[in-house]
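Participant: Sequence:
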Amino acid sequence: MTTATKVLTAHVPLPLADKVDQMASRLERSRGWIMKQALSAWIAMQEERDRLTQEALADVDAGRVIDHQAVQEWAESLGTDKPLPVPR
Numbered sequence: 024m025t026t027a028t029k030v031l032t033a034h035v036p037l038p039l040a041d042k043v044d045q046m047a048s049r050l051e052r053s054r055g056w057i058m059k060q061a062l063s064a065w066i067a068m069q070e071e072r073d074r075l076t077q078e079a080l081a082d083v084d085a086g087r088v089i090d091h092q093a094v095q096e097w098a099e100s101l102g103t104d105k106p107l108p109v110p111r
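Each step along the sequence shown adds one to the number in this note's numbering, with nothing skipped, and position 88 is 111.
By construction, these hints were calculated from the structure, which means they are not laboratory data. One thing to keep in mind: the hints can contain errors.
Said to hold, decoys possible - Derived EDC-like pairs (lysine to aspartate or glutamate); straight-line CA-CA distance at most 20 Å: (1) Lys59 x Asp41; (2) Lys59 x Glu70; (3) Lys59 x Asp44; (4) Lys59 x Glu71.
When you get a sec, could you build the whole thing from the sequences and use the hints?
Facilitator: Structure representation (structure tokens):
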């Protein structure tokens, strides 16, 4: 079964296009294959970023936060003779 496809067009700077062509040649793959891999990886990264943001916002809504002053004191203690434990 063949997956339906759609052609997307993007203007990219010539140095980036050259890098895509070089990578395609080195990997013995098509330019389209390289572009699909890159786009798939970028989409996955953005989806994970969104998931983590939603998770963090849920923590804030639930009151699972660390006081800014506690974090500041901890950060300032790093590199001293007596660093504070990580705030929890």
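Participant: Against each hint, give a clear statement of whether it holds in the structure.
Facilitator: The hints, checked one at a time:
1. For a cut-off of 20 Å, the pair hint linking lysine 59 to aspartate 41 stands: about 16 Å separates their Cα positions.
2. Under the criterion of a C-alpha separation no larger than 20 Å, the hint pairing lysine 59 with glutamate 70 is consistent with the structure, at around 16 Å.
3. A distance of roughly 13 Å separates the Cα atoms of lysine 59 and aspartate 44; the hinted pair therefore holds under the 20 Å criterion.
4. Pair hint lysine 59 plus glutamate 71 holds up; C-alpha atoms about 18 Å apart against a cutoff of 20 Å.
Against the hints set out earlier in the document, no violation occurs for any number.
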